[in-house]
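Chain order of the listed sequences is A and B. One point on numbering: in my numbering, the residue at position 28 of the first sequence is 51, and numbering is uninterrupted. One point on numbering: in my numbering, the residue at position 160 of the second sequence is 143, and numbering is uninterrupted.
The set of hints was computed from the structure by calculation and includes no laboratory data. The hints are all genuine.
List of simulated lysine-lysine pairs, DSS-like, C-alpha gap at most 25 angstroms:
(1) Lys24/B x Lys147/A
(2) Lys167/A x Lys24/B
(3) Lys203/A x Lys170/A
The primary structure of each chain is shown beneath.
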Amino acid sequence: MANKVVRWIANFFNPPKDAGVDLKRRHVVSAAVVGLGGGWLFHAQPSERNADANSGVRESAPNPALIRPPGALAEAEFLAKCIRCGECMKACPTNAIQPAALEAGLQGMWSPVLKMTIGYCEYKCNLCTQVCPTGAIAKMPLEKKQKVRMGLAMVDKSRCLPYAYGKACYQCQEQCPLPKKAIWQEDATVLNSEGEKIAVKLPHVDADLCVGCGTCERKCPVTDQAGIRVTSVGETRNPGNQFTWRDRYSG
Amino acid sequence: MAKQKTSRTVWLRRVVQTVFLLVFLYLFLQTAFHAGGTAGKGIGFFFDIDPLVLLTVWLGGHAAAAALLFSLITAAVTLVFGRWFCGWICPFGALHNLVSSWRGGTNKQKIDSGGYTGWHRTKYYVLIAVLIAAIVGANLAGWIDPFSFFYRSMTMAVFPAVNAGLQHFFDWIYRWNPGIGSARLTLVTEPLYRFLRHYFLTLGQPRYFWSMLFGMLFGGVIALNFFRARFWCKYICPLGALLGLTGKNPVLQLKTDPALCNNCRICVTDCQGGARNGGEAWKPSECMYCWSCQSACPSDAISFKFEIPGAKVVESQNRRQLEKVGVSENGK
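Looking at chain A on its own, in the form it has when it is part of the complex (with noise of 0.2 angstroms):
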């Protein structure tokens, strides 16, 4: 019995010769060719890099659209464990995770990424966390997550009701799910086309507040390109996409 679990065991290595797999060895080492230099290749990639943040080198090429959803790893991390399932995206109950197009370059092709234009992040919501079968989206109770910025909201100011047309306008202060709001509003006067005055309230982000939610973008009312967008500037899991001054002032 023993005799024959050993030699079932080294049947492993030297099948008989109708049974095996019989690979062809060029074919084996062009596979794993292709394997290695696909590999080396995707660590070769510009939204892959993770700049060191206290250099003050300012190495990686992050992209402002790669705003990944919360929790997600630092990207050569994510990339090592997405298996774009398609869980998240499932799981996110306002259609906001949506398969990247090229946002993580090719290698990162249908991985996860949050599109503010279909959908935000819902501030009461982890369920991506939850969901996620290999950790790429590691696990997070709620009021962890609610911490984790994914990026950073910007008024973009020609395109903003109050700023470039005297509306008034709150929609984004009004919208804020954070307990503090991230976005404040100055008291100001602005003319219009008649060259009267009005009073607005002008939105300001609070860069120290803002997690990068989206729903100031998904909210308002200009719905094509938003009058405050988010950008993945800021985001917790990549120290080398950080505001510089942040980086080199606050450590």
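Go by the hints and put chain B onto chain A.
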């Protein structure tokens, strides 16, 4: 030759496959927002039992979610039972199996195209490329892992399409409102719609960029079954390749009684993996243990038996000795 009655084992296998396909669809629908802000329970089940996911995530990320360790059970079972997983558990395989059963062609065509060919090796090369890439930190498995592929296609193409289709259908019936007097069709369709709305349809229509692409890829892969039965499983699937390598020397073995076999090759007709070309030869690494050959054999020459495959070495050595003197088993 009278057509054999489909065996009980084959029926049992079909039931098991159906159950796992339904479990997959149920877990898919469960992956949604539930009261209390939780996703459904156990929704990662199929990824947890997928050793390819464990292997690539662990190789690439040097750490893996603990639940993925369940897939070691799959691997251990495969050591003994071969690629039983592909034939009985895999929901994507069940779908391919179902579609394959609709393909046309005569028995002769099926026999000629259903056996083992060099193309079966392709999936092993896919696996090798995926694993080597994972070692250097690039996870390519997701594009082509069967559960990823199936789940992604369901999320981004099939479910949105079905959701939109049903919504349109019930809207259409509601607006048209056919019927006689007070007997309206909506009396039937509206309760059905409310039921679907509650358990199945989503509140808002799910929309995804690239959903047409995912639909075309999914449809294309399914359509390949009309070219060769279980095309994906035989030639592409890297999980199948991984399980094939793990289970290439299984304890559960297919035995053909040479005294009964008349080499009619009926067994190849519905062979799902292309593991045999008739006669005694059998490729365990390609066999999905679907029992179709055993069921189809008019001479009852085929059986599955537990046997530690060590004895095979002796047999093979005998064969090599025979070959040295110019005699092969087939007598050619």
